[in-house]
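Peer 1: One-letter residues, chain by chain:
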Amino acid sequence: MATKSTATSAGSSRGSKRPLKAPAKAAAPSKKAAPSTKIFSGLPKELLLQMHDLMVKSRVLEERLIKIYRAGESYFWIGGPGEEAWGVPLGLLGKKGQGLQHDWWHLHYRCTPTLIALGMEMIDSIRLMMNKVTDPSTGGRNFSNHYCFPQWNVAPVTSPIEVQYPIACGTAHAQKRVKGGGISIVSGGDAGTAEGDFASCLIWSSRQGQELPVLITVQNNRWGISTSYHGQHGESQIADRAKAFGIRSIVVNGNDPVESYLKIQEQMDYIRKTGKPAFIESMVSRLYGHSSASGANRVEGEVDALMDFEKKLLKSGVLKEAAAKEIWAKYEAEGIAAAEQARGEGVPTAESVWDNVYVGSENADWRKF
Amino acid sequence: MANMAQAIRMALHYGESEMGVKDIFGQDVGAPLGGVFTATQGLKNAWNTPLDERGIIGVAMGIAMAGDRCVAEIQFCDYIFNTIDLLKIAGNTLWCTNGQIQLPMVVMTPVGAGIRGSVYHSHSVDSWASRLAGWKVVMPSNPLDAYGLLLSAIEDPNPVLYLKPKALMRVRGEDLIPGEPESEKDLKAMIDAPIGDRSKWKARWPELSKYQVPIGQGKITREGDRMTVVSYGRHLLLCNEVADKLREEGIAVEVIDLRSIYPYDWQMISASVRKTGRVLFVNEDTEVTNFAEHLAYRTTQELFYELMAKPRVLAGKHLPGIGLHASLEDASVPQKHEIEQQIRECLAEVP
Ligand SMILES: Cc1ncc(C[n+]2csc(CCOP(=O)(O)OP(=O)(O)O)c2C)c(N)n1
Ligand SMILES: [Mg+2]
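Chains as they are written, first to last, in numbering that gives the first Met the number 0: chain D, 0 to 368; chain G, 0 to 350.
Excised from the complex, chain G in its bound form:
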């Protein structure tokens, strides 16, 4: 089974060979490294940029404006913040021109904690991104979705921010990507760059086919009727694990992988909450003015009389950074035991 980095690489290969992606660029994105998480190894249209995030976003906007498809990368989302007004402009260009200028561009960036990345390799940007009107924002939690969401992002005529949960880049999924060889070894031999001299190496791509996850569509990863848990990215897997544990106790928790942060699948959330009457939203961006607060707010506004307990948000602490020591990181972003505790508390609430 491919890991997420390989899945992204295959999606980009499909993008450049079948969907007209002419440029895949960012810091260390081209040969020989092929990206700090190896997600761009072996791609014919991948190239290295100057170490200039604003330049990267600006150039992506120009390429898109000129009518070409591109995928740009910001090496870590911790370094995307100095581009925020360019991102705003990319998001408002269609609107400001009253529909005249489209920017079909994808910006991908690794997000989140979980790799002991300390202060500047652990940030999240999903809540910030949710405020960038005009952008679509997605975050996969497994390799197949990573593949399918990236193809949808490439095809979308709007700017799409593609968030890569960095702690999941080496995690394998449960489903083959259409065209992927059965054996992990074979895949590795075909598309992973060798250690050492790579100057003569070329990827041997499998015969991939088009598989898309529509933007705006969530997925129920665990069915249940007692409570709803909504998450995405790295924390989705933690939520699944907690749900599995509770299931052994006979507690059926429904888990929704939102997959798209904007536009988000409200129909799926509301149908589930109508059924369960209880909901917890989980993500690791900081908690004050968190995207999950919007979802919780909407839940109280639209589903108040269906609720058996107050909607809950479990997010990162409102801290200026994530400390390197494990005890600091773990105290800063939601942990599995906290998810479990929140669920149990929510279930214990009596209206």
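In isolation and in its complexed conformation, chain D is listed as follows:
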């Protein structure tokens, strides 16, 4: 286990290719590294720094998106500041790539941290935010955070809440029949679990003898726009619902990247080994409210997982003050430059509305049949 500060990942803007395995037990730490291994459950320093780096990148990006909205350069913002401590480890742990051997991602509109961990460049999120023709996810057709990256099996994020849950069962079904197939990972909010599609996922993934390799996750920020958790839920934890289907189910503190990493890893290992579903309810923060429709202002009283993590890293000596500053500054500059570049890029043309209604842009306009 690396005990010396390598600080390499602080400068890396890309997600790792292979997830670093957390040791089963914390290895006997050297004197120097003692604080970090204890506080951080034995996760390698390199990984801690990598997670911090990606969390900062994601946060800076989301705050840049909000600024773009405020500047009137975009119509709408929705995103995931506050979910970095959950989303970054999730992205790092996935088997990244295209095709059935790799994991499929069925995400919702708060998953920038996961995309950053997968290796998305800031500018591609900004292009989406600014509805540029260069936006690789939608070509300027959809809202911020509505990502689609086929090269990493990232299914298109759609606005209707919860529909991704049964779709995830479909990709999992296809993965299951392939030897060495990946798993399907699905995410959504707490309030959305009231939709029938959430129940569909529990039912379809847990049929006896026909279980599906799905990691079912819910990011519980205790709100659905203005509907409070207690305004909707009789169950004390959403995770309890999965238990009724015999699904291995846990609640994690999604504001703790270390706990998130270890628990996600555990659940993923279980799915990969057994081919059966697993469930995680992760408790997260909503730092800027629901969306720009509610102002996108910083909300007081929510745990800021990134700042807490950074404090711990600084206190334990894993991260140095100067290095931290450098990381923030680097991404701040990258965000500004990316926005500047995107600003100058083209927009979709009016004629292009007919493109890609059907495969190969086969004529979709009845006037031309």
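Keep in mind that the hints were calculated from the coordinates and are not lab data.
We put the CB at the ideal spot given by N, CA and C, even for glycine.
Take the hints with a grain of salt, since some may be wrong.
What the hints assert, rightly or not - Taking lysine-lysine pairs in the DSS-like style, the calculated list, with each CA pair at most 27 Å apart, reads:
| # | chain 1 | residue 1 | chain 2 | residue 2 |
| --- | --- | --- | --- | --- |
| 1 | D | 66 | D | 329 |
| 2 | G | 309 | D | 367 |
| 3 | D | 178 | D | 94 |
| 4 | G | 218 | D | 175 |
| 5 | D | 175 | G | 21 |
| 6 | G | 21 | D | 178 |
| 7 | G | 218 | D | 367 |
To be verified - Quick list of simulated restraints, FRET-style, between CB atoms:
| # | chain 1 | residue 1 | chain 2 | residue 2 | range |
| --- | --- | --- | --- | --- | --- |
| 8 | G | 177 | D | 177 | 30 to 36 Å |
| 9 | D | 339 | G | 47 | 55 to 61 Å |
| 10 | D | 362 | G | 208 | 52 to 58 Å |
| 11 | D | 224 | G | 80 | 22 to 28 Å |
| 12 | D | 179 | G | 19 | 16 to 22 Å |
| 13 | D | 361 | G | 301 | 19 to 25 Å |
To be verified - Some but not every residue of chain G turned toward chain D, in silico, with C-beta under 10 Å:
| # | residue |
| --- | --- |
| 14 | 48 |
| 15 | 55 |
| 16 | 58 |
| 17 | 64 |
| 18 | 69 |
| 19 | 87 |
| 20 | 133 |
| 21 | 219 |
| 22 | 336 |
Keeping the supplied structure of chain D fixed, place chain G with the ligands upon it in accordance with the hints.
Peer 2: Frame of chain D; chain G with the ligands shown alone:
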């Protein structure tokens, strides 16, 4: 001659053995029943789903997204309505991703009245479906077309809604499906599941070959120069019958089996209307905001000066349901005598 249920079954067999269809699924689609209309009996990749229509469509989307071919069934189109936003998403996925994610999936569902199915086994969905941009929508009127359209639907890289006129599932056609044995008895012995214990039964499939009806291509089923009648599915047969009757009186009515609702064969319609100057559109979905209204609208827009009479639409009544009693059902969806009356009225119109 195969009936439509057997034709669909053979197409699905061809699909799973030759075209890479890995999943054929829906409620009661797998063994032992093989579908409430027996259209999925004996298929190796057919399986039963939970009774969850949204789950069925969602899973089909996932399978297609992952790159596999599948055919999903909604047991009756009356129960497809709670999936409509998933259908919308399936239709907009390619567009929303700017061409990146294809969903080559087929959803088939029995439609229409004609079997005394009462309120929840008589709905139609063709007009609703015509508003699902990104989907192709087809409906056969005979077994050979049922076979050929299904193979085209399976091959198509887009989502295709395949509407099965439920009243025609036991109706036989006039043409053999390529590879089908001459004798109905032989076919039955080969591919119909036996009554009683089926646990050891296996279908013996004939050597089928590929036969496709291109999506978007209609077919003239009766030639004529006095008037054009455009329909599809169950009502196409009624239109044919009326045309045959009128022919005995020396009135040659041209009947078009549209076969595809979207994209539809406008070239065929417009060529025919240019020739006849009169047109009636017939289907059984409800009449307000009916797909035929779009066709009639287009006819007035593009062919106004060719018309000898106003374009007509004969569709189901704008009612919340179709009542069980025969007098109620018959008053709700177009009947043969109404088709005839509409044609005669249209022919009598003097510009
Ligand atoms: C099917 C559907 N209904 C309503 C909405 C409008 N809507 C968007 S987000 C949202 C709240 C979702 O809350 P939750 O699932 O907790 O996710 P969060 O936004 O808190 O992350 C609602 C009602 C929608 N997008 N889709
Ligand atoms: Mg919420």
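Peer 1: If you check each hint against the structure, which ones fail?
Peer 2: Going through the list in order, the structure violates hints 4, 10, 21 and 22 and respects the others.
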